[in-house]
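Enquirer: Numbered according to our numbering, the sequence shown spans residues 1 to 271.
Accuracy of the hints is not assured; some may be wrong.
Heads up, simulated DSBU-like pairs for lysine-lysine below, C-alpha to C-alpha not over 35 Å straight-line [unchecked claim]:
1. 135 with 73
2. 188 with 82
3. 188 with 70
4. 188 with 73
5. 73 with 149
6. 82 with 149
7. 135 with 70
8. 135 with 149
Ranges between beta-carbon positions, derived for each pair [said to hold, decoys possible]:
9. 63 with 114: 26 to 34 Å
10. 232 with 114: 21 to 29 Å
11. 88 with 3: 16 to 24 Å
Bear in mind the hints are in silico, worked out from the structure with no lab data behind them. Quick caveat: nothing in here was measured; it's all calculated off a predicted structure. Glycine included, every Cβ here is placed at the ideal spot set by N, Cα and C.
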Amino acid sequence: MLFLVLFCLVQGFSEFLPISSQGHLLVFNTFFNVTDSSSLSILELNIISHLGSLLAVVIYYNHFILSTIKGLKIFFRPDLNKNLSLSFKLIISTIPIIIVGYYFGKTFDYDNDFLLLIIGISSIVFGIILLVVDKFCLLIRNEESMNYKLALFTGFFQCFALIPGVSRAGANMIALRAIGFNRNFTVKYSNLLSIPVILGAAIYLFVNENNNLFVDNALNLTAIYVFVLSFVFSIIFIHFLISWVRRSSLLIFVLYRIIFGTFLIFVSFEL
Numbered sequence: 001m002l003f004l005v006l007f008c009l010v011q012g013f014s015e016f017l018p019i020s021s022q023g024h025l026l027v028f029n030t031f032f033n034v035t036d037s038s039s040l041s042i043l044e045l046n047i048i049s050h051l052g053s054l055l056a057v058v059i060y061y062n063h064f065i066l067s068t069i070k071g072l073k074i075f076f077r078p079d080l081n082k083n084l085s086l087s088f089k090l091i092i093s094t095i096p097i098i099i100v101g102y103y104f105g106k107t108f109d110y111d112n113d114f115l116l117l118i119i120g121i122s123s124i125v126f127g128i129i130l131l132v133v134d135k136f137c138l139l140i141r142n143e144e145s146m147n148y149k150l151a152l153f154t155g156f157f158q159c160f161a162l163i164p165g166v167s168r169a170g171a172n173m174i175a176l177r178a179i180g181f182n183r184n185f186t187v188k189y190s191n192l193l194s195i196p197v198i199l200g201a202a203i204y205l206f207v208n209e210n211n212n213l214f215v216d217n218a219l220n221l222t223a224i225y226v227f228v229l230s231f232v233f234s235i236i237f238i239h240f241l242i243s244w245v246r247r248s249s250l251l252i253f254v255l256y257r258i259i260f261g262t263f264l265i266f267v268s269f270e271l
């Protein structure tokens, strides 16, 4: 039970903060024996926990989503509904990682002996890049400045998140801050962009892998437990991130990435 709480805490903590949920979950799996601690495999835990995080961001941004749905009646005039217009740009930002992930995702698979080192290096390198763009890039753009060209640029940069330890949120924030968007919109766009990415990844894994999410025609209780916990922790950390960037910089996340990465590099040479 404690294992599942910690697993969901790691998922909720790392999914929306720019610190790499994939990297943290891979590290968690390295140090804990999932098969001995849960009736679900690590793949099943990943799918269910990500779906919990998906519901969290949908609930948190429910006004945006409802406004977008209402705006579908003017589908061919998205300029009349700013949320619908932004949704189209989110779709554009999602296309590159779907294509690259589908065709080249397995290229970024590494042996366990090398994995911790890759995550550690990625965490530090992209943490430093995040620090530089957050500190030195001009704040020249807000939500109204987002266009399809900038959305596509963000989408291409998001593909770096396929490398363990880079972070989907981190890659998005680097891209958006580098082209001058303020922190509030950067976080909002990154969080909203998680909806199609998480959903697409979960569907891909569910369709292409054998998953035992149903037992005796009843939903596995462990899966329900993981889903609810991931939802709760994700809501908490989404709110924390939004509140934090309203009053401070991204430095705290950079420092965390450097400490986390240094620890993993040290551990990788000790194993």
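Enquirer: Can the restraint linking residue 135 and residue 70 be considered satisfied, given a maximum Cα separation of 35 Å?
Expert: violated (38 Å)
Enquirer: Going straight from one Cα to the other, do residue 188 and residue 73 come out at no more than 35 Å?
Expert: The given pair, whose Cα atoms are some 24 Å apart, holds under the 35 Å limit.
Enquirer: Could one say that the CB atoms of residue 63 and residue 114 fall in the range 26 to 34 Å?
Expert: Roughly 44 Å apart at Cβ, these two residues miss the hinted range, so it is violated.
Enquirer: Next pair to validate is residue 188 with residue 82; report whether the Cα-Cα distance is within 35 Å.
Expert: holds (14 Å)
Enquirer: For the pair supplied as a hint, residue 135 and residue 73, is the alpha-carbon distance within the 35 Å limit?
Expert: violated (41 Å)
Enquirer: Against the range 21 to 29 Å, how does the distance between the Cβ atoms of residue 232 and residue 114 compare: consistent or not?
Expert: For residue 114 against residue 232, whose Cβ atoms are near 34 Å apart, the range 21 to 29 Å is violated.
Enquirer: Hey, residue 73 versus residue 149, does the alpha-carbon distance stay inside 35 Å?
Expert: holds (25 Å)
Enquirer: Regarding the pair residue 135 and residue 149, is the alpha-carbon distance no greater than 35 Å?
Expert: OK: residue 135 and residue 149 at ~24 Å, within 35 Å.
Enquirer: Going straight from one Cα to the other, do residue 188 and residue 70 come out at no more than 35 Å?
Expert: holds (20 Å)
Enquirer: Assess, step by step, whether the Cα of residue 82 is no farther than 35 Å from the Cα of residue 149, and give holds or violated.
Expert: holds (17 Å)
Enquirer: May I ask you to test the hint 16 to 24 Å on the CB atoms belonging to residue 88 and residue 3?
Expert: violated (41 Å)
The structure fails to meet hints 1, 7, 9, 10, 11 from the earlier list, while all remaining hints are met.
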